[in-house]
Amino acid sequence: MSWITLDKIKKLQEQFDFVQINESDKGFHSVEVPKENFKQFVQFLKEDPDYRFKMFIDWTIVDHGQKADPRFQGVLILFSPEYKERIIVKTWATEETLPTLTDIWAGAKWAEREAWDMFGIKFEGHQNLVRMFMWETYPYHPLRKDFPLKGYEEVELPSLNEKERMDQLEGLQNYSRMHTALPTLEDLEITQKKRMPNKKSQVVLNWGPLHPGTHGTIWFLFDMEGEYVQECDIIIGQLHRGVEKLAENLNVQQIIPYTDRMDYIASMNENHSVCVAAEKLLGIHEKIPEKAKYIRTMLAELSRINSHLLWLGTYALDLGALTMFLYTFREREKIMDIFEGITGARFTINYFRVGGVYADLPYGALDAIEHFIKDFPTRLNDYETLLTRNRIWLRRNIDVGIITEEDVYSYGLTGAVARASGVPYDLRIIDKYDAYGEVEFDVPVGEKGDSYDRYLVRIEEMKQSARIVQQCIEKLRKMSKNDPFFFEPEDKKMKITIDGRGTKLFKGEVYAGADNPRGELGVYIFMPKDGIKPHRFRLRSGAFYNLQIFPKLMVGRPIADAITILSTIDPVVGETDR
Amino acid sequence: MGIKKVGLNRNVQPQTLTEKIFFLDFMKGLKTTIKHLFRKVITVDFPFELVEPAPRFRGVHGLRNVDGTEKEDFDAWVKKLKIKPPEMGETRCIACKFCQAACPVPEIFIIKAEKLDVPEDHPHHGLKVLSQFDMDLSKCMFCGLCTLACPTVCIIHTDVYDLSSYTRRGWVLNKETLSKIADDFIARRGKEKYDEKSHWPDWQKIWDEADTARAKAWDNNPPKLGPNYADQQ
Chain A
1 MSWITLDKIK KLQEQFDFVQ INESDKGFHS VEVPKENFKQ FVQFLKEDPD YRFKMFIDWT
61 IVDHGQKADP RFQGVLILFS PEYKERIIVK TWATEETLPT LTDIWAGAKW AEREAWDMFG
121 IKFEGHQNLV RMFMWETYPY HPLRKDFPLK GYEEVELPSL NEKERMDQLE GLQNYSRMHT
181 ALPTLEDLEI TQKKRMPNKK SQVVLNWGPL HPGTHGTIWF LFDMEGEYVQ ECDIIIGQLH
241 RGVEKLAENL NVQQIIPYTD RMDYIASMNE NHSVCVAAEK LLGIHEKIPE KAKYIRTMLA
301 ELSRINSHLL WLGTYALDLG ALTMFLYTFR EREKIMDIFE GITGARFTIN YFRVGGVYAD
361 LPYGALDAIE HFIKDFPTRL NDYETLLTRN RIWLRRNIDV GIITEEDVYS YGLTGAVARA
421 SGVPYDLRII DKYDAYGEVE FDVPVGEKGD SYDRYLVRIE EMKQSARIVQ QCIEKLRKMS
481 KNDPFFFEPE DKKMKITIDG RGTKLFKGEV YAGADNPRGE LGVYIFMPKD GIKPHRFRLR
541 SGAFYNLQIF PKLMVGRPIA DAITILSTID PVVGETDR
Chain B
1 MGIKKVGLNR NVQPQTLTEK IFFLDFMKGL KTTIKHLFRK VITVDFPFEL VEPAPRFRGV
61 HGLRNVDGTE KEDFDAWVKK LKIKPPEMGE TRCIACKFCQ AACPVPEIFI IKAEKLDVPE
121 DHPHHGLKVL SQFDMDLSKC MFCGLCTLAC PTVCIIHTDV YDLSSYTRRG WVLNKETLSK
181 IADDFIARRG KEKYDEKSHW PDWQKIWDEA DTARAKAWDN NPPKLGPNYA DQQ
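Those sequence lines, one after another, are chains A and B.
Its first residue numbered 1, the first sequence is counted upward by one per residue in UniProt numbering.
Its first residue numbered 1, the second sequence is counted upward by one per residue in UniProt numbering.
Since no wrong hints were added, every one of them can be taken at face value.
What follows is a list of derived Cβ distance ranges for each label pair:
(1) 49/B with 375/A: 22 to 28 Å
(2) 161/B with 560/A: 36 to 42 Å
(3) 507/A with 47/B: 53 to 59 Å
(4) 489/A with 224/B: 36 to 42 Å
(5) 197/A with 23/B: 48 to 54 Å
(6) 80/B with 489/A: 23 to 29 Å
(7) 481/A with 22/B: 54 to 60 Å
(8) 560/A with 47/B: 35 to 41 Å
(9) 49/B with 560/A: 37 to 43 Å
(10) 203/B with 83/A: 49 to 55 Å
FYI, nobody ran anything at the bench for these hints, they're computed from the structure.
The C-beta atom is built at its ideal place from N, Cα and C for all residues, glycine as well.
Using the sequences provided together with the hints, build the complete structure.
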């Protein structure tokens with residue numbers, strides 16, 4: 001487990017007398033620092049050669065409820081690429097303010113905007129503290145504990161209730177005419193102006209929110225000088241559904257179907273993150289049955305291939321190669337058929353459970369997967385013949401959107417985007433969750449960090465995934481049909497069920513996750529006491545932080561590069577917005 | 001486990017001069033596409049040709065009736081919840097509301113059981129029957145948690161996937177509709193999905209091998225299904 005050791009934290013305490021240690025029996029120790037010393041302390045952590053926590057992972061808030069004083073706590077998660085360990089630094093947000101970290105890590109910019117949007121915490125010194133997901137005139141901060149789950153229903157929307165065409169429904173199954181606040185066109189105009197306060201040109205080019213090239217509902221603003229972009233900003237939140245808020249009112253198995261709808265291209269991997277995190281909090285991750293571990297690893301890798309195929313198809317389509325789109329969808333169809341047979345759904349899968357999987361593999365599942373994996377390298381070869389050394393492809397990709405290693409650490413980039421820049425950051429190797437410690441694979445790493453490297457890294461990742469799947473099949477073949485696929489707790493205090501009724505989480509906090517096709521989906525669960533519902537369920541979205549570097553990459557580039565850069569960063573709006 | 005470096009000049013060579021002059025990259029690409037030109041069609045002609053969903057497919061819900069294939073503990077559950085012992089063809093639902101408890105969106109369900117109006121000496125005195133079971137499928141995300149929670153394998157997922165309706169009312173299914181859907185499904189494909197005790201058997205196939213439409217989507221070369229594990233038949 002990649003976590004800072006207690007000795008190392010104790011050394012910190014000797015150096016700084018204000019450091020408080022929260023020990024945890026699961027090994028996830030965190031430190032608490034007063035707000036005045038916070039910035040100095042994290043600066044030290046970043047720069048000291050013994051620690052070197054230079055990679056930004058997450059920066060969020062925990063609301064301890066209305067009665068607590070102080071009420072809000074900032075939680076900063078950092079990673080040290082040299083020592084391969086993580087740390088959580090906490091600080092109390094007295095008077096609902098915190099110092100900004102944007103001058104230390106550029107990635108904190110969106111994290112702080114999100115914290116302001118969701119919790120109403122002001123960050124002193126932030127350049128442009130505007131809302132992240134909601135529109136500018138929205139009056140509430142929805143993730144606060146006193147904000148009701150249903151929201152404040154204050155707008156009348158009669159169209160929701162087609163009385164003339166339906167007979168009366170009773171009770172909860174009827175639709176209320178009242179709806180929560182919706183943005184008007186004026187609100188959107190105010191939002192747009194606030195996002196780009198000092199625009200230079202006369203016309204700001206709007207790209208999206210509904211444009212096929214944006215792969216979802218993202219709204220881009222480009223301040224143009226001729227064909228070149230001077231300044232760029234992104235308005236997201238059109239798909240914001242408040243998954244974190246919903247998760248606070250559900251048990252952990254019930255959260256899994258919601259995560260399906262976040263990164264809907266790789267829903268298997270999203271489920272994986274939640275399972276790994278909850279299992280680590282319960283301390284059972286190592287005890288999960290071998291069969292479940294291998295099934296999960298195998299399907300997660302198939303899902304990665306599935307996701308990368310969609311990425312490749314749409315990316316090539318955006319750059320003008322329609323054939324690729326049809327070819328990759330043919331392979332996707334097969335993977336989705338396999339998923340349908342094993343899990344029951346093609347897209348929103350919900351197969352993994354905290355404690356294993358919900359059912360064993362059906363008859364013939366391994367044969368179908370093997371059949372696909374045998375065929376796959378020839379297909380991949382076809383794709384590469386079409387694209388890799390094509391002159392148009394090379395011209396459109398090489399030296400476009402170069403991300404340096406420094407950017408990766410400062411923006412908290414993960415996944416293929418980080419690896420293409422030469423940072424071998426891969427949770428599968430760092431954390432070795434599930435069966436990843438027992439299978440062999442290489443982590444592809446790029447050199448330059450341009451779009452072409454990101455393309456090559458993802459192609460290589462597909463090959464490596466196929467390799468992992470092959471090893472998992474061989475391992476599973478040797479198992480027995482009577483091996484368990486779900487964890488049975490011996491401890492009477494622990495209750496874990498496949499259907500989720502009564503599944504309990506233990507007191508403590510955990511940050512864990514899985515390496516998804518779109519970067520690290522980390523899950524931070526905070527539990528002040530044992531209970532069914534998580535007190536704070538933070539989803540650290542890889543796509544969200546990866547997208548954050550887009551405005552920086554776009555500055556000085558022609559508008560045509562927007563498609564290349566966006567495609568190779570590969571965000572899925574369901575995950576960025578949550 | 002290691003690190004594999006990729007990049008131009010590492011695992012990919014830049015274009016050579018010959019390639020540049022004679023457009024060899026385009027030729028190679030065209031070769032691939034022309035090769036595909038002579039392959040068989042892989043698309044399924046949807047409304048006229050249907051792919052049969054897999055046995056585990058999570059489609060529209062159904063409520064199963066008593067048909068002699070209940071689990072061993074069915075009678076115990078009926079007794080525990082004080083439900084009138086169902087006869088053949090009556091619903092298996094015992095109004096335990098486990099499905100609602102497991103559901104992430106519990107307002108989908110309206111489940112009510114009523115006490116039977118019988119005299120005191122009647123054997124069914126004090127027992128209940130299911131009177132209402134409504135599901136609002138417009139709020140459902142077909143996650144399958146309700147079917148896993150059901151102790152009597154009453155609520156199930158069928159293979160019906162077309163749920164379009166002109167009004168929202170059309171998505172609210174009542175007890176009778178749900179029972180009909182389940183009966184129809186069990187008659188069609190019950191043997192594929194459940195064994196005699198309503199469990200998922202280990203011979204449950206990933207999909208039907210004889211499905212020609214699915215074979216088409218697999219490049220007319222579908223996999224031959226065999227056992228997964230060493231000791232499976």
